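Colleague: If you want the building blocks of each chain, they are given just below.
2 protein chains.
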Amino acid sequence: MKQKLIFITAIIMSIFFIYGCNNQNNNQYEGKIILEEQGSFAFGGTVKKASGEFNGYYLFPSSNGQTYHSDHGYAFYQIPINARKYPIVFLHGGGQSAKSFETTPDGREGFQNIFLKKGFSVYLVDQPRRGRAGRSSVPVTINPTPDEQYLFNFFRLGFYPDFYDGVQFKKDEETLNQYYRQVTPNTGAFDEEVVSDAMSELFNKIGEGILVAHSQGGGPVFYTAIKNNKVKSLVLYEPGGCTFPFPAGELPNSNNITMPTYLPIKEISLDDFNKLAKIPIVLYFGDFIPKEHSENPFLEEWRLRIELMKIWEETLKRHGGDIEIVMLPEAGIHGNTHFPFSDLNNEEVADLLYKYLEDKKLN
Amino acid sequence: MKQKLIFITAIIMSIFFIYGCNNQNNNQYEGKIILEEQGSFAFGGTVKKASGEFNGYYLFPSSNGQTYHSDHGYAFYQIPINARKYPIVFLHGGGQSAKSFETTPDGREGFQNIFLKKGFSVYLVDQPRRGRAGRSSVPVTINPTPDEQYLFNFFRLGFYPDFYDGVQFKKDEETLNQYYRQVTPNTGAFDEEVVSDAMSELFNKIGEGILVAHSQGGGPVFYTAIKNNKVKSLVLYEPGGCTFPFPAGELPNSNNITMPTYLPIKEISLDDFNKLAKIPIVLYFGDFIPKEHSENPFLEEWRLRIELMKIWEETLKRHGGDIEIVMLPEAGIHGNTHFPFSDLNNEEVADLLYKYLEDKKLN
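Each protein sequence line maps, in turn, to chains A and B.
The letter at position 357 of the first sequence is residue 357 when you use full-length UniProt numbering, and the numbering goes up by one with no holes.
The letter at position 299 of the second sequence is residue 299 when you use full-length UniProt numbering, and the numbering goes up by one with no holes.
Hints may be right or wrong, so weigh each one.
If chains are identical, the list can't say which one is meant, so a pair holds when it fits in one copy or spans any two.
[Said to hold, decoys possible] List time: in silico DSBU-like cross-link candidates among lysine-lysine, alpha-carbon distance up to 35 Å:
#1 Lys-227 to Lys-170
#2 Lys-85 to Lys-4
#3 Lys-170 to Lys-48
#4 Lys-317 to Lys-4
#5 Lys-170 to Lys-291
#6 Lys-85 to Lys-171
#7 Lys-170 to Lys-49
#8 Lys-32 to Lys-355
#9 Lys-227 to Lys-171
#10 Lys-230 to Lys-170
#11 Lys-170 to Lys-205
#12 Lys-205 to Lys-4
#13 Lys-118 to Lys-85
#14 Lys-360 to Lys-4
#15 Lys-49 to Lys-361
#16 Lys-278 to Lys-49
#17 Lys-49 to Lys-171
#18 Lys-291 to Lys-4
#19 Lys-266 to Lys-171
Worth flagging that the hints you see were computed from the coordinates, not collected in a lab.
All figures in this text were calculated on a predicted structure; none of them were measured in a lab.
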């Protein structure tokens, strides 16, 4: 009897310790980011060499015989413990940097932390001629040009000075302050070939992965996926201001549709176009985009862009493409701006992307 | 007897579980970076507003009535679990970005990871008009100008094309490739007032901390510490190309010394100078800097800079300053370039800094 009692005590003690042990783990590290590794590197780019001979006996020598590395991209990566198979590479839009995917303007976690915590390795890119990848092979002049009310309208926070009703953007001064200071200039002309050449080198370096792009980044990622079959899927948030490729002979007829002011289209070979038909592609758009003509030139531009992208979608489907255009409001997600991944409901937006990757067996 | 046996078994089982439990923790997370939090934000800066009225009915409106945020800095921060009291803020040098303190050109961990793993919160800055903090209140023209052999010499990798014997730099093509691509241009003139104004705002935001600067960053951090007493210590790696402040009436007499080509000096008020005498300041210099005149113009420039800084050191000591100039070779650390924090022996260089912070009770 007494023996039984002692033995049972022993078992209970043991169970207690095991429980306490696991509990300790769970509590101590719950919600923390635990990294196997993090770091940064340059990828792709070109090298030029000036003619003549370098003379090292001058403190300020001429360029003669000197080299110049430029047109590379920059990536900061983080690999969580027990990372999922495919990393996610994030490419920013026009006038932006990797910052787009970090802390949101209102100070919450962006897609960088959200997808790290979902177990994905994340690569945040500054594209060639932007941010920390500033060295460009072409010259540039940058003038300080006030344009923030234009951005306010084009990015659909509202029609300045009014915010749209229900917009998923925190309407305080510091949020707008952070939002505007996120903008950073080109240090050389935006060039879809230069960016996609470098991005293809990034995938050669890191292997197969998922490529997520915002706005103007949409163009370069098409050409990255065409150049490199290690791109397993394209996720585009509000592509625009970039070139949409159609197969030779299948350009939409601009007599039948009203072309948007800035969504250029171009012909590429059918072979190249078919490469886009081989991977799952999804386009996400936020709220406040009208279905009928609008007197608001910014909303009208977005409406016309989407009309054109629907023709592009049909074309890709005709060639067997796995392509979806998701209008977030139709998926029950309302109030989003041009930056769904940093809007107030970005966790919801992230969950929708996660479900997509799950459906495509890419998680 | 039998009871005793069972009871002892129970105790042993328990001990085994506790041991197994701790072991599990240690092995699973050994050498990993465990973050309480990470994120990024803009700090400081100015806002301009163009005269006139904004007209939102144009897709490409004029600047009339629009605003422009600029001259802010950008910081990416990481706070490890159980962080030490004082965060370390890292400010890069000329033509560089926060990348300086991330992965080294040869692919090892930089000061960002090294000091995270030592338990410090780290803030990596892109200064105003650089990298991701690119919006400038002044215009700029950037021309691609080959200059890398000049950098090779000035940064003391060697005398091009020869590396110095024993230099702590991996002599392969990819290391040089990464090293050169780390360079990123100003998107507006370098301005020590603009940078130090923003840096002071950073310390207002994060509170007391240690400020580590490289090269040209040395100047702005003097003025940051003068503007903000939350700066608890200044750590300067190879300051140069920046302005050294002397108290009014105590400028070194350029008749008695040979001034370096580019280490400007200026007079500030005694009150301001005395603020620098209130905090521990350390300057670290690498190897290959001669004590006597050199025909190598780059080494000669470094020699003259250090002669001038020794006068500055005496001046600060005369006013009660806690200041040290450490020539790494004299501390038994050899082969360092202009980038000791990313050289092959950067762990050793980091340990020396850690000991310094320990001595000053800042760890």
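Colleague: If a hint holds in the structure, say so; if it does not, say that too.
Modeller: Results for each hint:
1. Lys-227 to Lys-170: Close across copies (32 Å), not inside one copy (40 Å); limit 35 Å.
2. Lys-85 to Lys-4: neither (50 Å within a copy, 52 Å between copies)
3. Lys-170 to Lys-48: For Lys-170 and Lys-48, only the inter-copy Cα distance (22 Å) is at most 35 Å; the intra-copy one is 46 Å.
4. Lys-317 to Lys-4: neither (72 Å within a copy, 77 Å between copies)
5. Lys-170 to Lys-291: Classified as within: same-chain Cα gap 26 Å, cross-chain 59 Å, threshold 35 Å.
6. Lys-85 to Lys-171: This pair counts as between: shortest inter-copy Cα distance 34 Å, intra-copy 39 Å.
7. Lys-170 to Lys-49: So Lys-170 and Lys-49 pass the 35 Å test across copies only (22 Å; inside, 49 Å).
8. Lys-32 to Lys-355: Close inside one copy (23 Å) and across copies (29 Å); limit 35 Å.
9. Lys-227 to Lys-171: Answer is between; shortest inter-copy Cα gap is 32 Å, intra-copy 42 Å.
10. Lys-230 to Lys-170: between (38 Å within a copy, 30 Å between copies)
11. Lys-170 to Lys-205: The answer is between: 20 Å across copies meets 35 Å, while 39 Å in one copy does not.
12. Lys-205 to Lys-4: neither (62 Å within a copy, 63 Å between copies)
13. Lys-118 to Lys-85: Both, since 12 Å and 30 Å are each at most 35 Å.
14. Lys-360 to Lys-4: neither (55 Å within a copy, 60 Å between copies)
15. Lys-49 to Lys-361: neither (46 Å within a copy, 50 Å between copies)
16. Lys-278 to Lys-49: neither (40 Å within a copy, 49 Å between copies)
17. Lys-49 to Lys-171: between (50 Å within a copy, 20 Å between copies)
18. Lys-291 to Lys-4: neither (77 Å within a copy, 83 Å between copies)
19. Lys-266 to Lys-171: neither (39 Å within a copy, 45 Å between copies)
Violation of the numbered hints given earlier is confined to hints 2, 4, 12, 14, 15, 16, 18 and 19; the remaining hints are satisfied by the structure.
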